[in-house]
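If you're matching them up, the sequences are chains H and P in order.
Going left to right, the first sequence walks through residues 1 to 370 as the numbering used here numbers them.
Going left to right, the second sequence walks through residues 1001 to 1392 as the numbering used here numbers them.
Hints were generated in silico from the structure; no laboratory data involved.
Just so we're clear, the structure is a prediction, and the values are computed from it rather than from any experiment.
Mixed in with the good hints, there may be bad ones.
Claimed, not checked - Capping the alpha-carbon separation at 20 Å, the derived lysine to aspartate or glutamate pairs in DMTMM-like fashion look like this: (1) 125/H <-> 1039/P; (2) 76/H <-> 1039/P; (3) 339/H <-> 349/H.
Chain residues, written in single-letter form:
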Amino acid sequence: MKKSLRLAGALVCAAALTLTSCAEAPGTGGASAPPAESPSPTAGGAAFKACMVSDDGGFDDKSFNQNSHKGLLDAKAELGIETGQVESNSTADYAKNIQSMVDANCNMIVTAGFLLSDDTLAAAKKNPDVEFAIVDNNDPKTYPAVTNLKPLLFNTAQSSFLAGYLAAGMTKTKKLGTFGGVKLPTVTIFMDGFSQGVDYYNKQKSTDVQVLGWDAAKQDGQFTGDFDDIKGGQRTAEGLISQGADIVFPVAGPAGLGALQAAKASGGKVNAIWVDTDGCVSAETYCSNIITSVNKVMDVAVRDTIKAAKDGSFSNEPYVGTLENDGTGLAPFHEFDSKVPAELKSELDAVKADIISAKITIESKSQPSA
Amino acid sequence: MSPEPRKRRLVIPWSDVLITIASIVLAFIVGALLMIFSDTEVRSKFAYFFARPSDALIASWEKISGAYAALIKGAIGGYGPITETTAQAAPLICAGLGVGLAFRAGLFNIGAQGQAVLGAIVAAYIGFTWHLPPGIHLLLAILGGLLGGAFWGGIVGWLKAKTGAHEVIVTIMMNYIALGLLAYLLTTPAFQRPGRTDPISPIVDWNATMPRLEGGQLHLGFLLALLAAVAVWWLLDRSTIGFAIRAVGANPHAAATAGMSVARTTIITMFLAGALAGLAGVQAALGPSASGLPVPLSLGIVGSIGFDAITVALLGQSKPLGTVLAGLLFGALHAGGLAMQSVAQTPLTLTTVLQALIVLFVAAPALVTKIVPFLKPRKTRAFGPVPEGGLA
Chain H
1 MKKSLRLAGA LVCAAALTLT SCAEAPGTGG ASAPPAESPS PTAGGAAFKA
51 CMVSDDGGFD DKSFNQNSHK GLLDAKAELG IETGQVESNS TADYAKNIQS
101 MVDANCNMIV TAGFLLSDDT LAAAKKNPDV EFAIVDNNDP KTYPAVTNLK
151 PLLFNTAQSS FLAGYLAAGM TKTKKLGTFG GVKLPTVTIF MDGFSQGVDY
201 YNKQKSTDVQ VLGWDAAKQD GQFTGDFDDI KGGQRTAEGL ISQGADIVFP
251 VAGPAGLGAL QAAKASGGKV NAIWVDTDGC VSAETYCSNI ITSVNKVMDV
301 AVRDTIKAAK DGSFSNEPYV GTLENDGTGL APFHEFDSKV PAELKSELDA
351 VKADIISAKI TIESKSQPSA
Chain P
1001 MSPEPRKRRL VIPWSDVLIT IASIVLAFIV GALLMIFSDT EVRSKFAYFF
1051 ARPSDALIAS WEKISGAYAA LIKGAIGGYG PITETTAQAA PLICAGLGVG
1101 LAFRAGLFNI GAQGQAVLGA IVAAYIGFTW HLPPGIHLLL AILGGLLGGA
1151 FWGGIVGWLK AKTGAHEVIV TIMMNYIALG LLAYLLTTPA FQRPGRTDPI
1201 SPIVDWNATM PRLEGGQLHL GFLLALLAAV AVWWLLDRST IGFAIRAVGA
1251 NPHAAATAGM SVARTTIITM FLAGALAGLA GVQAALGPSA SGLPVPLSLG
1301 IVGSIGFDAI TVALLGQSKP LGTVLAGLLF GALHAGGLAM QSVAQTPLTL
1351 TTVLQALIVL FVAAPALVTK IVPFLKPRKT RAFGPVPEGG LA
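Chain H on its own, in the form it takes in the complex (with noise of 0.2 Å):
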């Protein structure tokens, strides 16, 4: 016994000796250079405190709170300021982790996503002296009072548009399949969005490219249930599969990585297209079956609103990102650059001119009222 206990030590001692060398340390060179401190507050940030929280997908979900998290993580290394963040795990944790970034003292509290929007209306309201941001949501009737919340949201229909008549360009089976995690407007814009574009390539080409997995008019189709099933992702994404899809639009969070490993498994027949980030850098591995990424540009956006909140100059007034200011957008081809027709890539621009003059008008209910 104590023997097994002394070998244990003299084999953590040596693993330490081997693992840690005797590299000099920090300052012992230089005369009188301070060991790097971690980063602290007094880099002129003075004491101002962004803090994030997630919904249950988590800050490594590849997508969505990803990407925003991308944001507040830019605004610390930019500004110098103190940051918190609190994942959660399941719904019934938001108002309480809400609140214990409240009880942490952040200056500002951004949330990830439209589920958390109860619980931040609530929050918001009950501390004023707190400025919010929630990524993703908001409702006319209420929001607008409430001074100390701005909604950072996305017209993700636009970029949406351009992947569907991208995807319709692409398809020798003449199928396209799309899904989403839930059935949250902010889900179904970009499902909205993707079957427009479908049809218009449709009227402009006349041919007769179906879209799988969304109805447009009943709006209603297939949703995983959740955004963490990556099985039943790619459960749903095979069956788009087996019905002759051969490009696959998940809108689904880290449940889509299931359409991307059905993608990848089908040996090239069947390709994907992204959403909120480019594919080709959050889901590196699964590059060469993404044709391309509809953005969702929220680092920047959450990024700008915590600089103004610093700066003093937050204001309630709601963001929205559309093709115009970049707020979304299509990622590069990456490996498809050169599959992508020349001719398919000039069309893209030219539709991608006419939404932004509105010469194309894309209609979804889901799309957010500035």
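Following the hints, complete the assembly by docking chain P onto the known chain H.
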């Protein structure tokens, strides 16, 4: 406190208590190591450990002490944190009692999750659909939830008694059915909040919300959990049904020979176990959250209460008092875990790992006595009485 029944001498199992404390300490030590090794900033200071050990040691100490101070402060540091602990513990105690009661009858009830979901569905439905005067509304919603859970558990007992279907498989499947049922109901007009397209219910009426004391999270739910524990103690140790439950758990054949109906006992046990788990669901649906209002019915409403309850019941050795204490420990870890995240910025996953480590060490007393040999009881005996009937 459950006084020992009959004339048994009250023996405080000191070695058990010490081993439990030692296992918690050990878990904290392993957790501390994980914190040091998972933090790139602290780890980078170990790179020049031999050149200037103070840097690494100070950074490690600050990291660990900060995190554990936050954990303890968030769990028991004042009225607010303590009431948060009780609020977190209450549903775990209820569901843990349900799982523990079934253990005593030799039934492995994995279905607390589904039973809690059913409890939450019924309680929330009554809560937001009916509009009744204060008192009556809450009472009916609670009773409805109890019955919902009892019904879900009763089905399992009935299937087991009448067809011999194994309760482990049946309860696991019933969990899926309950979750699927909830997902379906939330898309129907009866449950979905008007104007929303996502699966979320209206907010429960104020009259059906569990009253809480101002300034903290202490609400009726914790009182109900304690009452449930007393009721289970009375049932098991004082009532005829309880005697039958324990007899069937110890040896069903002997119980049958003695004239007890194993089938009837199984059904009753699962019915009651379901009701207790249903009470956990009621708390999830009607208990006030930090904003003062209950969390509206949605897919994640009960979280993982039903599965944590299995651990709570095992940790509490299926005894009512043990379950209450285990539930409080878990509640404290939940409440403190949030503070570790928000105050000390420890990742959520690490707090979950810490909870798992504590359970692991508590559940493996032989390992603890091996690491800390002087805690070994003089007389060699198996640690802790195995719940009567075991887990088989």
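To see whether the hints hold, each was checked on the structure:
Proximity of residue 125/H to residue 1039/P is assessed by CA-CA distance (about 36 Å); at most 20 Å being required, the pair is judged violated. In summary, the hint linking residue 76/H to residue 1039/P is supported, as the alpha carbons are separated by about 18 Å, within the 20 Å threshold. This hinted pair checks out: residue 339/H and residue 349/H have alpha carbons roughly 17 Å apart, not beyond 20 Å.
Hint 1 alone, counting from the list given before, is not met by this structure.
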